[in-house]
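Enquirer: Protein chains in written order, with our numbering: chain A, 1 to 345; chain B, 1 to 345.
Worth flagging that the hints you see were computed from the coordinates, not collected in a lab. Mixed in with the good hints there might be a few duds.
Since the list gives no way to pick one copy over another, a pair counts as held whenever it fits inside one copy or between any two copies.
Here are the simulated DSBU-like pairs of lysine-lysine, each with C-alpha atoms no more than 30 Å apart in a straight line [what the hints assert, rightly or not]:
1. K277 / K89
2. K151 / K308
3. K222 / K151
4. K222 / K83
5. K166 / K178
6. K277 / K183
7. K5 / K341
There are 2 protein chains.
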Amino acid sequence: MSQQKYNLAILGATGNVGRLLLDLVEQRNFPFAQLKLLASPNSAGKTITSSQGNSYTVELTDENAFAGIDIVFASAGASTTKKYAESIKKAGAVLIDNSSAFRMDADVPLVVPQVNKEDIKNHKGIIANPNCSTAPLVLALKALEKQFKIKRVVVSTYQSVSGAGKEAMEELSISSAKALDNKEHDYKAFVKPIAFNLIPQIDVFLENDYTKEEMKLINETKKMLHRDDLEITCTAVRVPVFISHSESVNIEFEKEADLAVIKEIWSNTDDLILLDKPEESLYPTPLEITGKDPVYVGRVRQDNSNPKAINCWIVSDNLRIGAALNTVRIGEELVKILDSKTCNI
Amino acid sequence: MSQQKYNLAILGATGNVGRLLLDLVEQRNFPFAQLKLLASPNSAGKTITSSQGNSYTVELTDENAFAGIDIVFASAGASTTKKYAESIKKAGAVLIDNSSAFRMDADVPLVVPQVNKEDIKNHKGIIANPNCSTAPLVLALKALEKQFKIKRVVVSTYQSVSGAGKEAMEELSISSAKALDNKEHDYKAFVKPIAFNLIPQIDVFLENDYTKEEMKLINETKKMLHRDDLEITCTAVRVPVFISHSESVNIEFEKEADLAVIKEIWSNTDDLILLDKPEESLYPTPLEITGKDPVYVGRVRQDNSNPKAINCWIVSDNLRIGAALNTVRIGEELVKILDSKTCNI
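Could you put the whole structure together from the sequences, leaning on the hints where they help?
Expert: Spelled out as structure tokens, the structure:
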């Protein structure tokens with residue numbers, strides 16, 4: 001338990017992830033003295049009540065909002081974070097950021113604590129949280145990588161709309177109801193209708209015809225595993241699910257890997273649950289694991305065509321894993337470092 | 001155009017695929033003299049009106065129903081087809097079957113006409129139609145295989161509920177409406193709720209922990225490509241989409257394959273449409289291609305991690321491709337053979 005208390009700000013406090021950040025900070029007894037909720041002019045002045053029943057008034061984000069703050073949990077999108085990063089730095093606070101703004105910067109640690117918490121100590125004022133599809137994948141891969149070197153990973157994602165924000169969730173609700181009623185709906189959260197449809201595009205397209213989302217997963221996984229040589233490719237698809245991301249993953253190892261040992265490793269990995277009893281139709285589905293903290297893995301089986309490879313199915317609550325929960329966990333590790341520095345002085 | 005006319009029966013005429021078989025037979029001017037719609041006792045006596053406006057009375061399926069019939073288009077499930085296969089044979093009719101009952105039998109040709117119509121002539125009374133995920137895949141692969149030998153294929157499917165029948169479509173409608181209304185719904189079409197969820201299980205599990213659906217795709221693809229050595233693996237997932245199946249596919253070739261040439265080949269493949277302009281967000285989605293005959297391919301790009309591989313996204317109307325349309329196409333090829341035999345006599 002931390003001996004110090006820290007002044008904390010949540011930037012983007014009214015969004016999907018921001019709301020969950022508040023709940024998790026309280027539920028996990030994050031050692032805060034002051035807790036400031038910051039949002040855009042549209043939301044400033046509103047009152048937010050946490051799931052623990054505490055009320056907070058949302059304050060306006062501006063350059064002076066960070067005075068006296070020690071740690072900022074940000075989930076406000078890349079452009080907003082970039083806009084305020086300098087002010088946060090000037091205030092002497094550490095920014096733990098959910099956006100893609102700084103993730104691939106060489107001097108910014110990109111961290112899933114269970115995978116590479118040792119990278120946190122190299123921070124220079126900013127620590128980045130990975131993409132919400134990357135975090136569960138890298139947790140599952142890292143557990144195996146210690147014993148079986150991974151050669152190649154082929155990922156197809158099935159990503160829920162909550163990753164695109166509250167408006168996207170509302171659009172899925174409203175447009176689904178209209179579709180069931182045989183009515184047209186003007187869609188705006190996505191480039192195509194999402195109700196009872198699939199959209200194989202998340203974020204914008206890059207020059208190589210991959211989407212930014214796909215390249216995030218590819219590059220962030222390599223960075224966190226410290227494996228520039230890892231062969232990893234991805235197709236990212238938006239599906240009409242509210243919360244939780246799923247991934248169909250083919251993992252090829254350098255050498256043949258024993259399936260029983262792989263299952264044994266995953267059974268003993270912290271914050272990962274192997275839910276895999278085909279004979280009882282036990283495997284994770286997004287609806288069932290929403291609201292849960294661990295990463296769930298099921299459908300683990302030898303690749304029938306390659307003795308060095310396996311197939312599996314990974315599901316996690318995207319608002320927690322790779323977003324709010326991972327941010328708070330980074331904060332908890334940071335606090336341990338800050339505490340120890342204070343003790344040493 | 002056929003010079004002969006044939007007596008045709010549709011077995012399982014009241015199902016999703018059966019209804020479409022009737023429409024396609026009429027729309028494509030299939031050369032039938034008599035057309036008999038057969039179904040279970042529950043449906044016998046009902047009147048069905050085709051999209052062309054013609055009415056038919058559904059007749060009861062029994063051992064004597066096939067007397068005088070030349071060709072049977074069956075979409076009644078594996079157990080029903082097995083039950084009547086002998087009666088169909090005794091009547092001297094050729095059975096073109098949509099179920100999995102006979103697909104892997106050594107003496108039953110498994111056919112997508114654009115891929116292996118030459119196999120039809122080897123039939124011994126039964127010709128099988130592949131699984132609805134296999135047909136579009138094998139069409140796309142075959143086009144490339146002629147020029148670039150394929151080594152390995154990794155498939156993740158996103159399959160609509162219509163593949164599981166009309167009741168499954170109703171369950172998606174009703175349970176989605178209830179979910180939007182925050183009400184519980186007893187599900188029975190699938191082993192888990194499908195509304196706003198994903199189910200990584202289609203059909204039953206086999207001893208190797210693959211589902212029967214996954215092994216169908218794997219084995220049927222090898223059979224139709226005449227490539228027992230093809231390395232192909234699959235994870236099959238049910239998604240909350242009404243019609244059309246999608247697949248995220250990684251294809252590895254024996255040698256480096258030029259992406260421009262691959263796109264050129266697919267651009268010139270009959271019954272396949274390359275819909276791939278990322279800069280205009282042009283790629284196929286199930287909602288947009290439902291009701292269309294071709295197989296659609298998009299998101300074609302070099303595998304960033306492997307110069308010999310590509311990624312792509314294949315979408316097709318599962319009630320047409322790999323079901324009703326493919327069955328009628330097999331029938332059209334069969335008629336050509338039957339016509340030529342008649343002429344030669």
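Enquirer: Tell me, in ascending order, the numbers of any earlier hints that this structure violates.
Expert: 1
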